[in-house]
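These protein sequence lines are chains A and B, in that order.
The first sequence lines up with residues 1 to 248 when you count with full-length UniProt numbering.
The second sequence lines up with residues 1 to 466 when you count with full-length UniProt numbering.
Simulated from the structure, these hints should not be mistaken for lab results.
Quick caveat: nothing in here was measured; it's all calculated off a predicted structure.
Each residue gets a CB set at the ideal place from its N, CA and C atoms; glycine is no exception.
Hints are not guaranteed to be accurate.
As the list claims (entries may be wrong) - Short, incomplete list of chain B residues facing chain A, as computed with Cβ under 7 Å:
1. Ser11
2. Leu15
3. Lys38
4. Ile137
5. Asp393
6. Lys395
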Amino acid sequence: MATKQAYRIALAGNPNTGKSTLFNALTGLKQHTGNWAGKTVSMAEGIVRHKDKEYRLIDLPGTYSLFSNSTDEEVARNYIIFEKPDVTLVILDATSLERNLNLALQVLEMTPNVIVCINLIDEAKKRGIVVNEGLLMRELGVPVIKMSARNKIGFSILLDTIDRMVKGEISVRPVPFIYNEETERKLEQIEPEVRKLVGDEFPARWIALRLLDGDTSLLREIEKRMLQKEDKEWNSIEASQTNRLENF
Amino acid sequence: MELNRGITNQSFRELLTRAEGLSTSELRDEVVHSLYQKSQQLCERAVTFSKSKEDKRTEKLDAIFTSPIWGFPIMLTMLGIIFYLTIAGANVPSSMLASFFGWLENYLTMGFQAINAPDWLHGVIVLGLYRGTTWVISVMLPPMAIFFPTFALLENYGYLPRVAFNMDRLFKKVGAHGKQSLTMAMGFGCNAAAVLSTRIIESPRERMLAILTNNFVPCNGRWGTLIVLASLFMAAGLTGGMKTLVSSAVIVGIVVFGIFVTFAVSWVLSKTALKGVPTHYTLELPPYRRPKIFDTVIRASLNKSWAVLVRAVKIAAPAGILTWVFANIMVGDTSILMHAVNFLDPFAQTLGLDGYILLAFILGLPANEVVLPILLMGYLSTGSLIEVDNLTDLKQIFLDQGWTWLTALNVMLFSLLHYPCGTTLVNIYKETKSKKWTLMAFLIPTLIALLVTFSINQIVTAFGWV
């Protein structure tokens, strides 16, 4: 792999989990990233260099879920599904892991290349909360790292894990999430159809689930993107994105 | 990467139709539920709590305060205790203030006589302005000085989010958004502000429900009226602690009734004009905190009690003069005030009110705080001149006008249910940008207020309970 190639790392997480703190600490970009529930949601981007590689970090909007209830959630979801970052970091608040964890579960349904970052671990320690990351790692099937973005704890392990993940040294095997019988039965009917249509390009099981959920906007988006790709418009989009990056 | 050529819109559409056939509304719930359950199971095994007493305490308290069985009784009891403290505590200072102002009035009158001031001047200044405003102060200040700081302490402790949590289930049942419980809680402070706070509800349908029904919880401007009337008229046959207890229960009952109307109207609207299903959301419960007692009391007293009083006096003072003037300018053989009162009286009587009361509510459109002051001044400007040294005399003014407990109850209910104040209506128009919905926000409460007071009056008089 060429050293020049920039891998894309997306940061997902609930609001107020220190996602932007991590982003700023890693990229050194002192910029404020606001969450606006308006029409346009801007995502901050920045560059991190580690070892011989360059990574593009993308700070997704902070969301509690990825069900496309709001523009923020749709933007975050679309990025993970359509832009396919090489690695998605899911930042969780160690002090309220139970509430945070379901976002990680949702991301794991969408992409296997996930690193779960348990942030605010120092704050959790202060409050007497102990997290068994080994167990989470086994249960989720992806790397789980304890860290504190504010005090720059766990950064080197995180960067090394990213490095090994993009090199393919870590075998991720997310444990598939099983729903109740009725839902699984319906999924069995829809999933092969979806796979026929989208191939391995998009996570078929997840899309099938969203369709059953009544999320029609997603399929329309997929249709649009795939037709775009066929029309070779993709290149121009990619080009415009590179242009935008150079402004940083 | 080469994709399947020949993908057509057709195949997408077919897939969509198939999925729609299988899709059910319970599926989303099942998906969300499963995810949360999995999170919970994982955390139960992966997270251990070693020492934090605070979190454990919060959890234990939440188990009680938001319990399906104990949540509501505790809520009502807390509200009851606050009103009990307010009514019991306000009695003595109110009487002291009233006798102080009565004592001062004698000297004022003597002063006016000493300088040979004309009767009308004495009338405007002392009988209109002075009496009106000082009674407002002696009647409204003590209860508010107790109620607002006590309520603020409960708020600081972190109890109000739990109230919202308890209410959430009910709001969902009536087809409204759970966040409406938060905007409703805000309405207890100020409906105009609460209308702005409905912005936290994303769905326009559910937001409209929250806006239209917000008025059914009493705001700062109406607490005063409710507390004063309840303590003067309810449980008249009882004395001491028992009397206070019953008066508090009546106010709690009024508040509960207001919340009930909120649910009923939300339910009817969500089945008719504003059809739809409630959306999901996450409500974060903050940990309980020991309130900074001194800070809270000072801030609540200054910001709320004092502000409400100043507002009442500011509008009441000119209104007092105006009322007195109108009561003394004759058109034909009756005053302007009496023309208006007589015009409104027949209709008001069917509601168990009288012309003065209805006029006070109409003139009180700009702010609910001034309804009681205007009413008092209206009565005073026509009634016989009596010495007012304590609250019993105040009650006597009402009694002289033929008030009974039924009148007081109907005034309280009308105050609770009637149209929102001017500021709130302006905010509703700004937020909805719709004349139609603003008009609805005026008409729905007003019609309910008329209907409820009318029914109660008819039933009570028919059975001869008064």
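Next item on the list: Under 7 Å, Cβ to Cβ, is where B:Leu15 needs to be relative to chain A, so tell me if that hint holds or is violated.
Entry: holds, 5 Å
Checklist line | B:Lys38 as an interface hint toward chain A, with CB separation required under 7 Å | finding: Hint holds; B:Lys38 Cβ to chain A Cβ min 6 Å, cut 7 Å.
Margin query: Please check whether B:Ile137 passes as an interface residue: C-beta within 7 Å of a C-beta belonging to chain A.
Written below: This interface hint is violated because 45 Å lies over the 7 Å limit.
Next item on the list: Could you check if B:Lys395 really has its C-beta closer than 7 Å to a C-beta on chain A?
Entry: violated, 53 Å
Notebook entry, point to check: Taking the least C-beta to C-beta distance, is B:Asp393 closer than 7 Å to chain A?
Noted result: violated, 57 Å
Notebook entry, point to check: Against chain A, with CB atoms and a cut of 7 Å, does the hint on B:Ser11 hold up?
Noted result: This hint holds: B:Ser11 lies near chain A, its Cβ roughly 6 Å from the closest one there, short of 7 Å.
Hints 4, 5, 6 from the list above are not met by this structure, while the remaining hints are.
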